[in-house]
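Produce the entire structure from the sequences given, and follow the hints as far as they go.
The listed protein sequences correspond, in order, to chains A and B.
Reminder that position 230 of the first sequence reads as 229 in numbering that gives the first Met the number 0, one-by-one numbering, no gaps.
Reminder that position 494 of the second sequence reads as 493 in numbering that gives the first Met the number 0, one-by-one numbering, no gaps.
Hints are computed from structural coordinates only; laboratory data are not their basis.
There could be a bad hint or two in this list.
[What the hints assert, rightly or not] Residues on chain A that point at chain B, a partial pick, calculated with CB under 10 Å:
1) Glu379
2) Ala382
3) Ala429
4) Leu455
5) Leu461
6) Asp464
7) Ala477
8) Val478
[What the hints assert, rightly or not] Negatives, chain A to chain B, calculated, CB over 12 Å:
9) Glu68
10) Ala124
11) Ile153
12) Ile190
13) Ser356
[Claimed, not checked] In silico BS3-like cross-links for lysine-lysine, where the CA-CA straight-line distance does not exceed 30 Å:
14) A:Lys374 - B:Lys443
15) A:Lys374 - B:Lys484
16) B:Lys340 - A:Lys374
17) B:Lys490 - A:Lys374
18) A:Lys456 - B:Lys350
19) A:Lys359 - A:Lys345
20) A:Lys385 - B:Lys350
21) A:Lys456 - B:Lys274
22) A:Lys456 - B:Lys484
23) B:Lys238 - A:Lys456
24) A:Lys456 - B:Lys312
25) A:Lys374 - B:Lys370
These numbers come from a predicted model, not from an experiment.
Heads up, the beta-carbon is just placed ideally off N, CA and C, and yes, glycines get one too.
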Amino acid sequence: MKKHLLLYSLIGMLALGCALPAIAWGPRVQLAVVDTALKLVSREENLQLTRLQDAARAGATLSPLEMEELFPEMQADPLRAIENDMALLSAARGARIDAYFAFRLGALGKLVGRATAPMANADPAPRSQYINDVEQVADMGNLKPETRKILKSIADLERVMREANAGNDLITGEYQSGSGFRGTAAARLGIDISRSVNAVADVWWTIISAGAVPGNISEAQLQRYVLDAYDFYVGRDSLAEMDASEPNYRKLVKYSADMNGKIGDMLYAAGFRERAVKHYEEAAAEAPDRRDILEKIGNYHSEVAEEALKKGLLEEAMAGFEKALAINLLHPTAERSRLEVAGLIKQRDEQIALYQSQLKQAEDLQSLAEEEAGKNRFAEAVALLKQSEESYAMVGDEFPSEAQRRARGIRDVRARIEELQQGLLTNTLAFSGTGFAPDRDALIREYSGGIDLETLKALIRLEYDAEIQRLNTQFQSAVTLE
Amino acid sequence: MATMSKCPFCGGLVDAAADQCMHCGGPLKARDAQRGGTPSAPSLCPTCKSPVASGDIVCTKCGTNLLTGQRIADERQKAGKSRGKSIGRFFTYAAAALVLLASGVLLVILAMHLMRDPVGEARRLARSGNLAEASEVLQAHLQKTPDDITARFLLGQISWQGQQYDRAAEAFEAAARQGGPRERDALILAVLASERAAQGGNRQQLLDLLSAAVQQRYSMDGELLRLKALLQGLGEDYKGQQEALREALLSGAEVPSALPGLTSALDQDWNLAEKYLNDALQENENDAKALVVRGMVHLMREQPAEAAAVLAKAGAVAPAVDGLVKLQMGILCLAQSEPGKALPLLTEARKLLPEDIRAAFFYALCLQENKLTEEAIAALEHIASGNNPYSGIAALQMAVAFMEQNNLDRAAAAARQAGESGLNTARQATIQGRIHALQNDPVKAEQAYRRAISMMADYPAAHLELGLLLVSGGSVDAGLPELEKYLELAKADPERMRANEIDVLVTQLRQARQ
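Shown next as structure tokens:
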């Protein structure tokens with residue numbers, strides 16, 4: 000059933016193809032070949048490669064230009080290109096097959112499929128016609144899977160290529176004679192596609208199961224591979240997969256400052272700034288004199304700070320600018336921005352303090368109003384609540400917490416005023432007696448006048464008495480009879 | 000000073016150099032010379048050498064007149080010898096002798112009478128403790144010889160000793176008016192006696208006398224000037240007092256430290272008072288009298304806070320002054336709405352001034368302010384039941400206290416009592432109105448409020464109470480103008496008169512009316 004489905008989908012895809020490149024197998028057949036090979040390897044070798052099908056298919060659907068970029072020798076010497084890539088992938092394989100590895104397998108599968116397609120060496124016109132016809136009628140139902148074999152050398156693949164092109168003259172003849180695809184080409188199509196599928200599967204299996212790492216792979220190649228892997232993951236916005244793969248890459252190559260810088264640039268450009276900065280920081284740790292890296296880190300912190308500033312997160316902005324300055328003291332804008340933020344923080348703190356004091360005042364007035372209301376002094380309570388409302392109204396909207404308290408306070412105050420105003424009208428006599436308050440002062444004034452003068456007179460009397468007392472003593476003898 | 004001695008005949012004090020006693024006319028020197036000893040030594044008859052007592056006139060042995068030297072006995076002896084010759088002659092001579100003797104006795108009595116010394120006698124009597132008789136002798140003497148300064152002065156002394164100070168004052172004053180060497184003493188003693196007199200004497204008369212003497216003869220006598228200043232102060236002649244005190248200071252007299260400041264304060268010369276008080280306090284910062292004066296000066300200048308601060312530093316002066324100071328401080332605390340601080344001060348004031356009705360009243364008021372209503376009522380009742388200027392206001396305060404206790408019947412009775420005591424004020428009427436209102440008698444309440452307004456159109460409480468009464472009775476239109484009037488009057492003290500609240504009420508009422 001699955002085989003049928005695959006066949007139908009391949010036919011459908013071939014039917015949709017209109018412009019085919021001047022190489023063997025059209026793109027849909029190539030994709031079908033890669034897909035089928037993937038399934039074969041997964042099933043036969045008990046590998047869970049189908050989970051990476053999307054990545055492999057992505058590799059298999061690379062554009063010619065992308066293929067050219069990935070395999071520069073592809074046109075001139077496809078076998079060498081395949082051989083080199085096999086060596087590279089064998090070296091980069093690691094303990095775990097990740098998505099990028101699957102992508103590379105897909106791309107390599109596409110290349111192998113092309114190389115093992117018939118008519119590779121035929122005249123362009125019948126070849127094109129053949130490829131078009133195959134795109135339309137290719138049927139994977141007649142697939143003849145073979146036992147997986149490890150390629151001992153590239154010569155094994157070369158032999159397959161020769162086999163594939165063995166019927167080229169016959170097919171070319173039939174096309175030239177007008178028979179077209181219906182003859183030999185059609186009769187051999189199942190064998191031809193199976194060959195390609197088996198070739199792709201064998202190449203992959205050779206890579207996956209290779210015991211020894213080829214020695215002809217340079218560090219630069221591996222670095223390029225790793226960088227491409229990051230590029231791949233970044234392009235797919237797949238940081239999780241990247242994170243999962245990264246330990247393998249770190250085993251594969253040493254992350255130089257330059258490499259970390261490039262990874263950082265990739266991530267930064269894609270918007271993964273935090274992750275990018277980690278790589279920048281790693282680079283800076285390795286090469287502290289790299290001003291370009293330091294500037295990038297500084298810029299990152301400055302950018303983050305600017306964004307925080309736009310959101311009104313002043314402390315975060317401040318911390319960001321401070322970090323930027325700590326990393327790059329000569330940052331062109333961080334110091335000015337830091338000072339601005341410091342000013343804003345001060346201003347905001349003062350404003351918050353003011354609002355909080357106004358809120359506290361309003362709440363205190365509310366409490367006082369309740370005390371007054373408790374004593375049936377409703378008018379005083381209302382007056383206090385109105386003052387409270389005024390205090391609440393002075394609080395602005397800038398700070399959510401304070402604004403919330405203000406809104407709640409005003410709502411409560413207004414409701415309470417309404418209640419108390421009703422109470423006021425029904426408790427008019429509660430004010431009785433209020434008007435006597437100044438009477439006490441008047442009473443004291445009226446009945447206490449003159450004590451000051453009286454005291455002074457008493458003092459005079461006291462002095463006089465003392466004088467009389469003194470004279471009495473002095474004149475005692477004068478009144479004694481001699 | 001001349002040496003004095005006693006006359007051997009009358010015992011009066013005489014000049015030792017005089018020949019005769021100035022009191023009895025008895026010979027002094029001659030007899031001394033004859034006897035060659037002191038007058039008090041035992042003497043002999045010049046004729047028979049029999050001893051004679053001092054003061055004897057006739058020798059009882061030989062009949063020699065010791066004053067004249069004639070021998071009556073000789074005559075008798077001669078007559079006896081010639082008895083045989085002629086009894087007739089005897090009788091003739093005897094009769095003549097008897098006549099002569101009688102004449103001599105009469106002459107002696109006459110001489111003694113003529114030579115009598117009432118001052119000395121009075122002094123002797125006084126010394127022997129017979130003050131009343133001495134005084135009578137002197138008064139009789141002075142009726143005949145009113146210019147006898149010595150007698151006047153002695154009369155003053157005797158009266159003083161007899162604790163008849165008013166008579167002493169009179170005598171000393173008369174002696175002083177006569178001038179002479181004892182004028183100064185007489186002046187001062189007149190003042191002293193006058194102060195001791197039961198009626199208090201005539202201070203102003205003495206002050207006039209003292210002033211005249213000071214002006215004429217004692218212008219640099221610091222002691223008299225100081226006494227004069229104090230007397231003027233007592234007489235509320237503060238300008239004169241200040242002048243006299245200034246002269247006393249110029250004369251070098253010692254003056255109590257606080258007195259100059261006190262005098263200037265009484266004369267309302269604040270700057271000078273301040274200067275003197277500063278000097279006094281610079282010398283002794285704890286001078287209680289100076290501090291009290293300064294405190295009172297602040298009060299008179301309407302600086303209550305400064306007064307309270309200064310008075311708080313003043314120590315004890317004398318109970319009368321201390322009582323007034325505590326009373327004043329208590330009142331200041333009450334006025335500053337600090338009844339808690341006022342209570343101990345007024346308690347002490349009441350203790351120091353037990354008869355002072357003000358102290359009792361403010362103590363009661365303070366109890367009321369401290370919400371000690373029961374105690375306040377008891378204290379007020381005591382004042383209200385008496386006949387004093389505070390009885391009416393005390394009764395009214397009782398009414399307020401009873402009202403606070405919701406004892407409306409007693410409150411009404413107390414308010415009536417206040418009216419009966421003559422307290423007929425807007426406040427009394429308004430309190431009566433409140434009581435009526437609380438007794439659910441709005442008609443009488445309204446009448447009382449309107450009566451209060453007619454008595455005092457700007458009495459805020461009456462307008463408020465009337466307004467509230469009308470509003471609560473549903474007459475909002477009639478009540479609102481009264482409340483608005485109250486608001487206008489409450490601008491003087493909006494906080495204590497709860498103007499904000501009433502304003503809210505008025506606004507609400509207006510809104511409700513609309």
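Problem set entry | Violations among the numbered hints, reported as their numbers in ascending order | 20 and 22
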